[in-house]
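Visitor: Residue strings, one per chain:
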Amino acid sequence: MTSTGSLIKTFWRQKARIIHGAVGIELIFIILTGIYNLFKGSWSDSLPSSLTLGYGSVAGFVVFVLLAQKMERSWVANSYRLIPTSDTKLYCANVAATFLSYLYFMVLQVILLAVSALKFFIDGEASFDFPAEAWQYLTGGVLIFISLLLFTWVFITLIHFVTITISAFLPTIRQKLFRFILIIAVIIITLFAGNWIDSGVQAFSQWLLSGFGLAAPTDTNVLLGLYLSSGDFLLSVIVMSAINVYLLKHWVETKTSMD
Amino acid sequence: MTDLLAIKDLSYKRNMHTILTDLSLTLPHNAIIGLLGANGAGKTTLMRLIAGSATEFHGEIRLNDETAASIRKSMVSFSEQLAGLNPGMKLNQIADFYDRVYPDFVRADFDKLAQQLELDLQKRLNQLSKGNQRKFTIAITFARHVQLYLLDEPFNGIDSMNRKKIIASIIQWKPEMATILISDHHVTDIANLLDQVIVVQHQTVVAQEKADTIREKHNQSIEDYYESFYEGENEHD
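Sequence lines, in order, name chains A and B.
Reminder that position 207 of the first sequence reads as 207 in our numbering, one-by-one numbering, no gaps.
Reminder that position 92 of the second sequence reads as 92 in our numbering, one-by-one numbering, no gaps.
There's no promise every hint is true.
As the list claims (entries may be wrong) - Derived coverage of chain A by chain B (criterion: at least 3 residues anywhere in the stretch with Cβ under 8 Å from a Cβ of chain B; other residues may be distant):
1) 1-12
2) 52-59
3) 159-173
4) 241-253
Stated by the list, open to error - The calculated DSSO-like cross-link candidates involving lysine-lysine, where the alpha carbons are at most 30 Å apart (straight line), are:
5) A:Lys-255 / B:Lys-174
6) B:Lys-90 / A:Lys-70
7) B:Lys-130 / B:Lys-112
8) A:Lys-9 / B:Lys-112
9) B:Lys-130 / A:Lys-255
10) B:Lys-112 / B:Lys-123
11) B:Lys-174 / B:Lys-8
12) B:Lys-165 / B:Lys-130
13) A:Lys-249 / B:Lys-13
14) B:Lys-210 / B:Lys-165
15) A:Lys-9 / B:Lys-123
16) A:Lys-249 / B:Lys-210
17) B:Lys-123 / A:Lys-70
Hints in this document: simulated from the structure, not taken from any laboratory.
The beta carbon of each residue, even a glycine, is placed where N, CA and C say it ideally should be.
All chains should be built: construct the whole structure from the sequences, respecting the hints.
Guide: See below:
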């Protein structure tokens with residue numbers, strides 16, 4: 001049987017290629033835009049950091065989507081589903097590798113940002129001397145971001161698996177019509193889910209409005225709300241994962257060459 | 001010695017379409033068995049169920065007395081296991097992938113097989129001709145040391161030279177006690193390889209016979225024996 005460590009490493013390699021590709025393209029864009037601004041005479045010391053933040057946000061979204069796409073494809077691919085391991089281990093390894101890959105991407109972004117702001121550090125203009133509460137808020141923000149990431153990936157998998165399961169009971173000839181109806185159903189479900197996670201997002205927004213590291217927090221309940229929302233998301237991740245593993249084990253089959 | 005594979009009352013339905021009904025069969029150790037049937041008879045589905053890539057079935061699939069899909073997967077090497085890999089991957093990258101995730105994959109054997117089948121491991125999967133893709137599939141499949149090999153139409157759409165090379169590899173690389181279940185449209189290509197024949201028709205196994213019995217008792221070639229099941233039917237393949 002294949003060990004969980006080997007599985008995570010394998011999925012990690014698959015996803016690391018996406019991240020390296022995305023960061024490579026991001027770097028090319030940053031350099032090209034930097035050169036353009038240099039020739040245009042609009043260069044400023046803060047430009048590299050601004051470009052890194054701007055292109056990094058776009059790359060972050062693209063990486064998120066590509067990782068989700070990669071994960072969903074592996075559920076229905078013989079090359080992954082025939083690996084001698086249980087579906088539970090396969091699921092956990094794939095989700096864990098996806099999550100770790102995104103953390104890796106974020107670490108790369110922090111390094112890029114630090115390099116782009118190197119001048120400010122050398123000149124002593126940059127400082128991490130924030131109030132203690134700000135660090136707590138930062139931790140809360142990171143926690144909620146991480147749990148929201150996991151929630152979204154697991155939710156996408158749930159919708160994918162439910163679609164496959166329901167499709168198996170419908171005649172082949174009506175699959176296209178069914179998929180169209182299902183897309184509408186998914187949108188409606190997503191709206192309901194949106195309401196469900198609304199409380200978490202609201203707490204997050206309040207925290208953002210309070211001023212990121214610039215103003216001392218005024219409402220300690222917001223901090224508690226951040227932690228509670230993260231817990232809420234993580235609990236949902238566990239519940240949805242249990243459903244996903246059940247569906248993977250019993251209903252989600254690999255694609256055939258005719259699919 | 002007990003049978004390697006025992007399938008009992010296997011039924012499988014998908015998209016409101018019954019594909020297999022009450023199918024039962026047993027496979028012995030150390031044999032090459034032909035799985036014959038017309039298009040859509042359910043040969044590929046049967047292999048997918050044995051391998052564990054199709055999941056929702058009724059009945060029992062017992063491989064070496066194990067029914068759990070995860071354990072079955074460790075005892076079966078299925079020629080469709082490449083499906084879903086990035087076609088832009090180089091062949092040696094795919095071999096590395098198999099080396100990492102299949103504890104029974106022997107890289108040295110793969111390299112020898114690839115050399116024997118004249119495969120350039122620096123090429124990408126999507127750069128290969130259909131014949132070379134089939135050869136690569138055979139190399140990957142037989143580099144795993146397992147008890148049951150499932151080859152789903154390994155000669156489909158390839159020329160006679162490549163077909164001969166693949167057949168030679170199958171004979172050479174079959175582990176001694178392993179069993180190979182091989183489905184193919186060109187019965188004559190594989191007839192001389194076979195120890196047994198299984199015919200799938202009307203969603204179930206209608207015959208399982210030793211190749212020697214067909215030749216000696218029935219006084220028929222395997223092709224004639226297989227075609228006799230389709231006499232008077234239009235769906236003959």
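Visitor: Is Lys-112 of chain B within 30 Å of Lys-123 of chain B, Cα to Cα?
Guide: Holds, because 17 Å separates the two Cα atoms, which is no more than 30 Å.
Visitor: Hey, Lys-123 of chain B versus Lys-70 of chain A, does the alpha-carbon distance stay inside 30 Å?
Guide: Holds, at roughly 23 Å.
Visitor: Examine the segment 241-253 of chain A for residues whose CB is less than 8 Å from any CB of chain B, and state whether their number is three or more.
Guide: With 5 residues close enough to chain B, the hint holds.
Visitor: With the threshold set at 30 Å, check whether the alpha-carbon distance from Lys-249 of chain A to Lys-13 of chain B stays at or below it.
Guide: holds, 17 Å
Visitor: Does Lys-174 of chain B sit within 30 Å of Lys-255 of chain A, going by the straight-line distance between their CA atoms?
Guide: holds, 28 Å
Visitor: For a C-alpha distance cap of 30 Å, please report whether Lys-9 of chain A and Lys-112 of chain B respect it.
Guide: holds, 26 Å
Visitor: Confirm or reject the coverage of the segment 52-59 of chain A by chain B under the rule of 3 or more residues with a beta carbon closer than 8 Å to the chain's beta carbons.
Guide: As far as the segment 52-59 of chain A goes, the hint is violated, because 0 residues have Cβ atoms under 8 Å from chain B.
Visitor: Tell me whether the statement that chain B covers the segment 1-12 of chain A is true, taking a Cβ distance below 8 Å and needing three residues at minimum.
Guide: holds (count 6)
Visitor: For a C-alpha distance cap of 30 Å, please report whether Lys-130 of chain B and Lys-112 of chain B respect it.
Guide: holds, 21 Å
Visitor: If you draw a straight line from the CA of Lys-249 of chain A to the CA of Lys-210 of chain B, is it 30 Å or shorter?
Guide: violated, 36 Å
Visitor: What's the verdict on Lys-9 of chain A and Lys-123 of chain B, does the C-alpha distance respect the 30 Å limit or exceed it?
Guide: holds, 24 Å
Visitor: Next pair to validate is Lys-130 of chain B with Lys-255 of chain A; report whether the Cα-Cα distance is within 30 Å.
Guide: Status holds; Cα separation ~20 Å.
Of the numbered hints stated above, those contradicted by the structure are hints 2, 16, listed in ascending order.
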